[in-house]
Amino acid sequence: MTTYTEEYRELVAETPRGAVTAAFREEVAAVVSPGGLISEPAQLHTYECDGLTGYRVTPALVVLPATTEEVAAVVRLCARHRIPFVARGAGTGLSGGALPVADGIVIGLARMRKMLSVDVDNQRAVVQPGVTNAGISAAVGGHDLYFAPDPSSQIVCTIGGNVAENSGGAHCLKYGFTTNHVLALTFVTPDGDVVTLGGDSTDQLGPDLRAVVLGSEGTLGIVTEITVRLLRRPEAVRTLVADFPDAEQAGNAVSDLVAAGIVPAAVEMLDELAIEACEKAVQAGYTLGSPAALVVELDGVEAEVEEEFERVQEICRRNASTHIRIAGDPVERAKVWKGRKAAFAAMGRISPDYFVQDGVIPRTKLGSTLTRIREMSDAAGLRVANVFHAGDGNLHPLVLYDAAVPGQAEQAEHLATAIVELCVEQGGSITGEHGVGSDKACSMVKMFGPDDLTVMARIRAAFDPQGLCNPGKVLPTPRLCGERPGPYRPHPLESAGIIERL
Amino acid sequence: MTDISRDEDQRVSVQPVAIGNGAGVFDLHHPPSDELISDCVHCGFCLPTCPTYALWGEEMDSPRGRIYLMKLGKEGKVPLDDTYTQHFDMCLGCMACVTACPSGVQYDKLIEAVRPQLERNRRRSLTDRLFRGMIFALFPYPSRLRVAAVLGELYRRLGLRSLLHRTGLVSLLPRRLQAVEALMPPAKLRHLATRTPAVTLAVGTTRRRVGFLTGCVQRVFFADVNQATVRVLTAEGCEVVAPPTQRCCGALSEHAGREPEALDRARGLIDAFAEVEVDTIVANVAGCGSTLKEYGRLLRDDPDYADRAAAFSAKVQDVSELLAELGPVAERHPIEARLAYHDACHLGHAQGVRSQPRDVLRTIPGLQVTDIPEAEICCGSAGIYNLVHPEPAEELGRRKVDNVLSVKPDALATANPGCLLQIRRYWPGELPMFHPVELLDASIRGVDPIAAATARSGRPRLDARTAEPGSF
Chain A
1 MTTYTEEYRE LVAETPRGAV TAAFREEVAA VVSPGGLISE PAQLHTYECD GLTGYRVTPA
61 LVVLPATTEE VAAVVRLCAR HRIPFVARGA GTGLSGGALP VADGIVIGLA RMRKMLSVDV
121 DNQRAVVQPG VTNAGISAAV GGHDLYFAPD PSSQIVCTIG GNVAENSGGA HCLKYGFTTN
181 HVLALTFVTP DGDVVTLGGD STDQLGPDLR AVVLGSEGTL GIVTEITVRL LRRPEAVRTL
241 VADFPDAEQA GNAVSDLVAA GIVPAAVEML DELAIEACEK AVQAGYTLGS PAALVVELDG
301 VEAEVEEEFE RVQEICRRNA STHIRIAGDP VERAKVWKGR KAAFAAMGRI SPDYFVQDGV
361 IPRTKLGSTL TRIREMSDAA GLRVANVFHA GDGNLHPLVL YDAAVPGQAE QAEHLATAIV
421 ELCVEQGGSI TGEHGVGSDK ACSMVKMFGP DDLTVMARIR AAFDPQGLCN PGKVLPTPRL
481 CGERPGPYRP HPLESAGIIE RL
Chain B
1 MTDISRDEDQ RVSVQPVAIG NGAGVFDLHH PPSDELISDC VHCGFCLPTC PTYALWGEEM
61 DSPRGRIYLM KLGKEGKVPL DDTYTQHFDM CLGCMACVTA CPSGVQYDKL IEAVRPQLER
121 NRRRSLTDRL FRGMIFALFP YPSRLRVAAV LGELYRRLGL RSLLHRTGLV SLLPRRLQAV
181 EALMPPAKLR HLATRTPAVT LAVGTTRRRV GFLTGCVQRV FFADVNQATV RVLTAEGCEV
241 VAPPTQRCCG ALSEHAGREP EALDRARGLI DAFAEVEVDT IVANVAGCGS TLKEYGRLLR
301 DDPDYADRAA AFSAKVQDVS ELLAELGPVA ERHPIEARLA YHDACHLGHA QGVRSQPRDV
361 LRTIPGLQVT DIPEAEICCG SAGIYNLVHP EPAEELGRRK VDNVLSVKPD ALATANPGCL
421 LQIRRYWPGE LPMFHPVELL DASIRGVDPI AAATARSGRP RLDARTAEPG SF
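Heads up: the sequence lines are chains A and B, in that order.
Residue 409 in the UniProt record's numbering sits at position 409 of the first sequence; the count goes up by one each step and never skips.
Residue 336 in the UniProt record's numbering sits at position 336 of the second sequence; the count goes up by one each step and never skips.
No lab work stands behind these hints: they were computed from the structure.
Heads up, some of the hints might be wrong.
Derived, one-sided and incomplete: chain A residues facing chain B with beta-carbon distance under 8 Å [as the list claims (entries may be wrong)]:
id : residue
1  : C49
2  : I350
3  : P352
Reference listing, derived: stretches of chain B covered by chain A, where coverage requires no fewer than 3 residues with Cβ under 8 Å from a Cβ of chain A [what the hints assert, rightly or not]:
id : segment
4  : 35-44
5  : 51-60
6  : 70-78
Lysine-lysine pairs mimicking DSS-like chemistry, simulated, CA-CA at most 30 Å apart [stated by the list, open to error]:
id : chain 1 : residue 1 : chain 2 : residue 2
7  : A       : K338      : B       : K109
8  : B       : K408      : A       : K114
9  : A       : K446      : A       : K365
10 : A       : K335      : A       : K280
Where a beta carbon is used, it is the ideal one built from N, C-alpha and C, also for glycine.
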């Protein structure tokens, strides 16, 4: 089977590009506010990577525009001189989405961080892309409103980055991703035109270009204003941890919850190995030795939450839950979440090395997929721990191994690949929430056929025929792909229980 | 060994700079360690709390970017030029990033390793050297500060100040001198002759014998804070010993990278306290206290002082830490007011002392202690920062004032004189400002300084529940 069509190869082929010359620098300097141009080599080096430090490219120039007009003017210059550009927010992405392009420029949006307007009655706000995710909620908190998507890095990641990655968070099961909370975008096209995508209402007329741009990882243009939806803070939040005799029964409990019409704010699952690791790292009060545990959180109107919380417990018991622990106060609730979020990094406590996999499967196939993973694990003679967002079938098998044992790393890598292929086979996905970026572009071929990729490349070319806007990201470049992924190293934020890899 | 030091005052014998010696652009005298640098995983969680990132949104003026620059410097990939130096100079050293970092990166140790390197290996401009020289020839010397205070008072009382301001002549001064002019605190002449007694006995049972650091600016311009500290400590059962031989603790020098000077002062202070047998050494200035706690690290290479310095540091407590630990015994009288508490960076971030000052203030009946939004962001005072970098300091000062205004306090409390002067400079009108220990002292003595100050200024007390926005 061919991986790429001829058309795809042509669409993503590198076109001749211009060079960042002194004359170009001067032209850029003329269109941005004073101090908006960074060109000293030492300074440029600090922009050579985002949160994924394994890939580094020093940009030729960094521009920090202050307004939509400045962004558009810079992009127009890039288009005219055929200079590639990469938009950057806080630079916290873990997939290298803001990795600069050699001989290209970085357009940093860190200076565009104003809340432009808040419409309390209609629960909307217009913000610039450099406002942090948590900053939006903080700014409207006085009106008892908040911005629902809650990626774990929300105190620092910007709304512009959330739009690029279509970020979710632990509560996206109930509330959806960024795309469900963005009404309109002011968008600078790769030729420098300023257009509005979407509108004030959730109902879009014609093709929803706003949705096309959302999650495109900065490959279609630059978003300079975002109209976000704001939600009322829930009146009540309840959280429990239920233990189960096996993962299959825990999986069935999740299916029963959904079948009963309950929409939990979050449903997370940990297996025995994951629980062991978490407890060693954080002592969050999970039951050691329990083969599986579900964390279920409900939020909403007090009366409804109370009633549904009873039903959740009943469903858990009906599915043979052996123990239910209810978080009595916000402190205990935070402890439960800390344990869950530390799970990945905590693997270091039970294994010297491990690969993390990031797959999505249809929720209905949870039980059977877990059984298959266990069979594969037994056959390979390697332990596999599982931590995942059970509610939306986002699996995280962790293949534990010891690199000191000759051949075990290769064996583990092989098993990890086989597991992710199993996810794809089950109708799922290889990609998680932290994006494709530079890191996973080459893996796209595992999920998408030649025609799929060609259609994506056509869409991209329709927006950006010159291929200047964040080139080399998301869509695989045939010439560069074929590298093998390295072993998983925990990000210290994971160890601290602050972020989780989805 | 070759002496490559250029500044006569900052002579340290070090190896010559050469790429490939493992330290890149740095010399071999404690360059920032690779291990500490590699702890940073570039996650960016420090960005929102960094004051310079908050101002400019530039990567190289963020903790993450500065650590990246250190790494580049270590690798010898960038020259040690003005561009490189400026980004470390711009760092306020507030250590908010240390608080924010989930990976436990010790940026404090990193920046404190870089600053002496820059002081040794990079020549500043003549005006910069002169200005810094003036600061360090004045501030660490209480006797010289007293003279300056008298001159300052004459400048005020003879009407020169109002003349300069009325005519706008003050704006002709260089920005840095304008900053000095504006920040210079009014001195109470009666305080200039005040000295803290060498020993003050505890009231009632002696619960602890404590050594007391009287500070430099503190003892000249804020002598009443020192007096209040002694009164509160003794009222709470402490015998207070203030060795009269004590001189500057070296905090300002240390934070500015003037390592040899800082080390000399540290040794001097250790010697001054060597005579007295105390359980605890108390500081009431956040910046001084944080440096005292660092003596062990600062003098780690000095065989004669390393152990003594470590033992000294282990005894140091901020006055609020000690009071919180001892628990109240003296009776408190009510002070009915809404008080904004401002965390001094060198108390909150550098020493991790946040709950104790609040807890101690809450022992005062009627006092409503309120936090300030963006509490973690520096007010721009930062040692000598508001004198050497007046522009960013002003932006941060105004930002802090806006945040304090937003909680509509009757008064403000903070444990650092620098913060107090900085906030006062940009405050629109009059706000009673205190060291927490002054309020405690007033409460123990049964007076209400907030009501008194409000009555004096004729400004009606703001009631947060009824006041309309913009009533200031």
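Structure-based check of each hint:
Interface hint at C49(A): satisfied, since its Cβ lies 7 Å from the closest Cβ of chain B, which is below the 8 Å cut-off. Because the closest C-beta pair between I350(A) and chain B is about 21 Å apart, greater than 8 Å, the hint is violated. Proximity of P352(A) to chain B is violated relative to the hint, the smallest CB-CB distance being about 20 Å (cut-off 8 Å). Three residues within the 8 Å Cβ limit are the bar, and the segment 35-44 of chain B against chain A gives 5, so the coverage statement holds.
Residues of the segment 51-60 of chain B with a Cβ under 8 Å from some Cβ of chain A number 6, which satisfies the need for three, so the listed coverage holds. Given as covered by chain A, the segment 70-78 of chain B passes the check, having 3 residues with a CB less than 8 Å from a CB of that chain where 3 are the minimum. Between K338(A) and K109(B) the CA atoms are separated by roughly 29 Å; this keeps the pair inside 30 Å, and the hint holds. Pair hint K408(B) plus K114(A) holds up; C-alpha atoms about 24 Å apart against a cutoff of 30 Å.
Using a Cα cut-off of 30 Å, the hinted pair K446(A) and K365(A) holds, with the two alpha carbons roughly 20 Å apart. The straight-line distance between the Cα atoms of K335(A) and K280(A) is roughly 14 Å, inside the 30 Å bound, and the hint therefore holds.
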